[in-house]
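Take the sequence shown: its letter number 185 is residue 185 in the UniProt record's numbering, and every next letter is one higher.
Because the hints were derived from the structure by calculation, they are not lab data.
Hints are supplied without guarantee of correctness; some may be wrong.
[As the list claims (entries may be wrong)] Lysine-lysine pairs mimicking DSSO-like chemistry, simulated, CA-CA at most 27 Å apart:
1) K70 <-> K115
2) K154 <-> K175
3) K115 <-> K135
4) K170 <-> K113
5) K147 <-> K98
6) K92 <-> K240
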Amino acid sequence: MFDIDRWREIFQSINKNRLRSILSGFTVAFAILLFTLLFGIVSGLSNSFKSAFADDAQNAMFVRVWQTSKPYKGLQTGRTIQLKNDDFNYVKDEYESKIQYQSARIYKNFTLKYKNEANSYSVRAVHPDHQFLEKTMIDEGRYLNEKDLQEKSKVIVIGRLIKADLFGEKPALGKRINVNGSSYLVIGIFSDEGGDNEERLAYIPVTTAQMIYGNNDYISQINLGYNPDLNLDEAISFGKQLERDLRFKLNIHPDDQSALSVRNMAEANKNVGSFMAILYAIVILVGSGTLIAGIIGISNIMIFVIKERTKEFGIRKALGAQPLSIVWMVVQESVFITTIAGYLGLSLGTYLLSLIGDSLEEDYFIKDPSVSTGIVVGATVVLILSGLIAGYIPAKRAANIKPIEALRAD
1 MFDIDRWREI FQSINKNRLR SILSGFTVAF AILLFTLLFG IVSGLSNSFK SAFADDAQNA
61 MFVRVWQTSK PYKGLQTGRT IQLKNDDFNY VKDEYESKIQ YQSARIYKNF TLKYKNEANS
121 YSVRAVHPDH QFLEKTMIDE GRYLNEKDLQ EKSKVIVIGR LIKADLFGEK PALGKRINVN
181 GSSYLVIGIF SDEGGDNEER LAYIPVTTAQ MIYGNNDYIS QINLGYNPDL NLDEAISFGK
241 QLERDLRFKL NIHPDDQSAL SVRNMAEANK NVGSFMAILY AIVILVGSGT LIAGIIGISN
301 IMIFVIKERT KEFGIRKALG AQPLSIVWMV VQESVFITTI AGYLGLSLGT YLLSLIGDSL
361 EEDYFIKDPS VSTGIVVGAT VVLILSGLIA GYIPAKRAAN IKPIEALRAD
């Protein structure tokens, strides 16, 4: 129940010890301000890492090949490694239980033309699973499917910006465009979180590309999505096993990093997770240390306040005041100072983060530095507990003083 007399006494005590209250509150406010800024910056770094991989599935793996840099089994250095459909099927059959998605990729650069509009774009020949590996979002129509692969259909899925370049505001779905001299049916328009470059891509069936552009079974890359039931360590182990097996199959030296690589998002996620955990631990350590200093400061202030009010407390007890009422009054004052100071620091920290957020992203690639609602709620709980701790010990001492000793105190 709200007791106006109690609050009047609290404000009178704060006003009487104005400088001490301000100094103790400043320590708490600075602690929360520092914590907010540090946590916001670390959160911004985390957002930057997430943004960097926004257009790829978190469980993606990429198998790439180049030229050998070491001789192996009588084969010379400088041999070009070429992936084929056989390698794609080998991976699919050998590791079926560990793979969620799988797609080959063939890179092409073609001129796409519709009526009088034409431009050069990157065209990728892929399997249907590529949609999930690249987190492609279909805005109109559909993505490639198995029937397109089986029939080697001349169909194409174009990015949102290709549609804008070639068709403007006119509909593109169901229209035919010229792709390097061949007519393709537009079956879908997509968008991608990766940004403009990703939305100026086009996708065609891998079988169509192999038939028309080379009449071969070559592929440039194998993309996988490992089974999400695998934890990070299991996924990393799977990636290393896959790399060893492909090196053996393709006659590549085990230590030849130039010829073949498997980029595994599990390794990146684990490294980023460990790095962010260390940063958060540092923030919590620094913030906690500063907050503890603030708690000690407020506790010391309350000791001085109680010493000055010793006679008052003695008279209260002599008139029948319960020890609990004295404890609650002192604790309430401590919680009030801590909470107000803490929220001043939290508000100032949030404001500063919003003020410098754009410059941090431009200069230091720290994206959207901010504190979440959970942090605000957590800060509230910490502040209340801090106020309780800071006020309880001196309040308990004040409540236990005997009235006759209090009246004799100077």
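Hints versus structure:
1. Of the supplied pair hints, the one linking K70 and K115 is violated, its CA atoms being roughly 50 Å apart against a limit of 27 Å.
2. As the CA atoms of K154 and K175 are separated by approximately 12 Å, the hinted pair is consistent with the 27 Å bound.
3. The hinted pair formed by K115 and K135 fails the criterion: a straight-line CA distance of about 31 Å is larger than 27 Å.
4. A C-alpha spacing of about 15 Å is found between K170 and K113, which places the hinted pair at or below 27 Å, so the restraint holds.
5. At most 27 Å may separate the alpha-carbon atoms for a hinted pair to count; K147 and K98 meet this at roughly 25 Å.
6. Proximity of K92 to K240 is assessed by CA-CA distance (about 16 Å); at most 27 Å being required, the pair is judged to hold.
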